[in-house]
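Throw the hints in and build the complete structure from the sequences for me.
Protein chains: 4
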Amino acid sequence: MAEAWIHEPRVTLLAVTQFTPPSHIEWETDTDNPAQQLIEFAGRLCYRSFHNPSGRANAEYIGHLLAQGHLSVIEHASASFLIEGISRSCSHEIVRHRHFSYSQVSQRFVNEAEARMVLPPALEGDPEAQAIAESVTRASKEAYARLVERLRARYAHVDDPSLRRKLARQAARSVLPNATETALVMTGNFRAWRHFVRMRASEHAEAEIRRVAIAVLKILQEQAPAVFGDFTIRRHDDGSEVAEPGYAYE
Amino acid sequence: MAEAWIHEPRVTLLAVTQFTPPSHIEWETDTDNPAQQLIEFAGRLCYRSFHNPSGRANAEYIGHLLAQGHLSVIEHASASFLIEGISRSCSHEIVRHRHFSYSQVSQRFVNEAEARMVLPPALEGDPEAQAIAESVTRASKEAYARLVERLRARYAHVDDPSLRRKLARQAARSVLPNATETALVMTGNFRAWRHFVRMRASEHAEAEIRRVAIAVLKILQEQAPAVFGDFTIRRHDDGSEVAEPGYAYE
Amino acid sequence: MAEAWIHEPRVTLLAVTQFTPPSHIEWETDTDNPAQQLIEFAGRLCYRSFHNPSGRANAEYIGHLLAQGHLSVIEHASASFLIEGISRSCSHEIVRHRHFSYSQVSQRFVNEAEARMVLPPALEGDPEAQAIAESVTRASKEAYARLVERLRARYAHVDDPSLRRKLARQAARSVLPNATETALVMTGNFRAWRHFVRMRASEHAEAEIRRVAIAVLKILQEQAPAVFGDFTIRRHDDGSEVAEPGYAYE
Amino acid sequence: MAEAWIHEPRVTLLAVTQFTPPSHIEWETDTDNPAQQLIEFAGRLCYRSFHNPSGRANAEYIGHLLAQGHLSVIEHASASFLIEGISRSCSHEIVRHRHFSYSQVSQRFVNEAEARMVLPPALEGDPEAQAIAESVTRASKEAYARLVERLRARYAHVDDPSLRRKLARQAARSVLPNATETALVMTGNFRAWRHFVRMRASEHAEAEIRRVAIAVLKILQEQAPAVFGDFTIRRHDDGSEVAEPGYAYE
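Residue numbers (our numbering), protein chains in the order written: chain A, 1 to 250; chain B, 1 to 250; chain C, 1 to 250; chain D, 1 to 250.
Bear in mind the hints are in silico, worked out from the structure with no lab data behind them. Just so you know, not all the hints are guaranteed correct.
Identical chains blur together in the list; that is why a pair holds if it fits in one copy or across any two.
Unchecked claim - Below, computed lysine to aspartate or glutamate pairings styled on DMTMM-like, alpha-carbon distance capped at 20 Å:
id : residue 1 : residue 2
1  : Lys218    : Glu241
2  : Lys166    : Asp238
3  : Lys166    : Asp237
4  : Lys166    : Glu241
5  : Lys218    : Glu8
The following block contains the structure:
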């Protein structure tokens, strides 16, 4: 029976900034988008310009910030995502981004004997390559299960059963492949997300992480169009999606 | 007529994390506090323990994270505050904290001729000291106004009136005192706020920033009691409030 | 007698990265600049390209990193500066940069009765404006001294003399002007310094911090020409210096 | 023939802070350790206490900073290490630390067909477990080589040979195991290193990363004894080394 490969990451929005305007400050804006309201509010505080002397709409105001490179203002808004169905090589690239907070499934603690595998995009439509990959990832999981069993016996003297499991699993995981599925919660402010998308939705990015970045971008474009609307998504030569920002500053 | 001193900072919550649990994951918790839900959700993902094998309530679960020092999990929740009525010496201390985002009233752009002054807590109840301070802060604002006038004349050749104002104000501000009021929007995750409160609500902190930290703490204890409830607020010898955390880890 | 204004910041290099190549790795480069050696070494590790397949000189190699935006590699090198003769308004802007480490003279602890004042660049050559500023900054220091005296009397019940001084000084400083001199040690990696110089040596930057950024840049261009050589320093309309980078990425 | 397992990480110091005291400041200290000199210098600047009113030796002075939790001062000193002979699961844990700079061997670019494997410490002295692991890691590398070959054929239409290699390798790496050796250059300041060692040399840390942390600690204790000397290294029940700090603050 064929391995049930994972073909696509699953990206789910968990949280995005809400905003309660302070009742003691007189201020009006033309959007009901809370994250964009907070950004405009914070920006206007710097200049005490709540009376909107230039008569800008919220989207214009934020566009101006992005165009001028006043990006610290968009840091007040943030978003959290649940990212599932990605490989451990993809998560290794993701967690290199240092301006985010992460909570990731731990291979030291979780039993990976039934872990699913993520198919690299480049293997789509190539049954022979998939067969090569499937055969060895299956063998890896079997070896993992055998090692866990041996190591739990070896650590039989450890009284605490959860410590015993941890000692066995953290060593046995060494034979698991990069393709092994992982999941994480990833939180960051809008400036960090703009940087992530710029780097990882680009055509130079690796194919799997690019899918994550595109999925994140699509959600953020819905959630805060004034902050992410300048990114254009287009088809690459190979049919995959890539995105590029309209504004240069980071 | 006496200067209308500012006696207390004003701290207003602008935003705190909301949470939408993903519909495809089966999970129940006993709190309806959204920030605490997100924290528990992220923590449980690491161990794939959504079935709650230890039968912990949400507050217990978070208490366990704090006690063990697993503080990265509380980073998924964040809060934004509007902080008004603080002096520039206080804001100079505040912005030294590098894990926050700030938007602050700019003395390069804003007209400070009518700026209010913040009374240092130690001058409360000492009319003579207040008179000394008032006399010189008033003289400083007058000197500021005269310098702005001279400099705008000096920069008469600059066509753009807003640039001309900026050039005048950014130089004239040099005579404004530390007591000059400022305001800022300050955003950070719960781990950063715990660190801020630990450092700045302590008895060793400067009196004005301590008031800010105590005001922040009181709001966060309402908003996320499981995350900030271990801090105890007490009266210091001099009648002011100080706070100390129950958990040691940062 | 005229106040002895400070006219220029003083920027002194305290430390810059040294490098010991590991004896077990065969590798040659054409520079004896240690910071640039470390950067090339770290970059080559990523591709296991110590044999230099493209035959690039060190400066070319680093230029390629900067042009491609592979800026994380230049983070391995860092520099520390002693920055003296700047105002407290300037230091307030400086410490907003969150990727640096700072140690700054504390107005809570140090006696500022004899503090010197920093002349805003825009007041150069304007004796009348200087007279306005001098008169009020002198009055501020006198008020400071009187407040310290009163507060030390008020805190006579505090046994610890250094605590008593701190309580007095941290309140009395509220009347000191932005022009008051401060000094700090500032440490950051080369990526952070490139960002600082880009933002603060630009023509849009405030005049005093621009002088700091230009002074830092001149030293770093000597210390690591391959990393900072793309910045061009030119005269602005008003005779002051501004700088712009050759490479776009941050 | 048996796989040549890697049994230990190799940790090599590449760089540590040097210091040039500014000639215009009168100051003496009793150490010739440059990193410790810089730390004392920066600390003394905050209080303008270059005359050493308490008569403290350098090591005492730094011990006092650590005891009081004034840890920002030790951030001025930094160290870079080359870390080799670690597994990809170990590097995945390492790069979660966000206050460091990293340059790591890229599996997207480098040919891993001859990659060596890191033996998990728990498999030492268990030839049967090693045989299980060896058999499957060898199969993984063979599958990797076959996939690279197929994918380079599939990407034959890509003109640029280095892009073609990258496309093949970044997909084929999905079958490589966690045990695959990697190497990285890791740079951070002394505060970040103290945190890393505290977390990763503890008895709760995973066995392989603990070895890295202990090796780093031993070098830093030589390089800057006043900053790292409070850590005590001892033997754990299982014969491995663990370390604990003497000072509580982070």
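Violated hints - listed by number, lowest first: No hint contradicted; all consistent.
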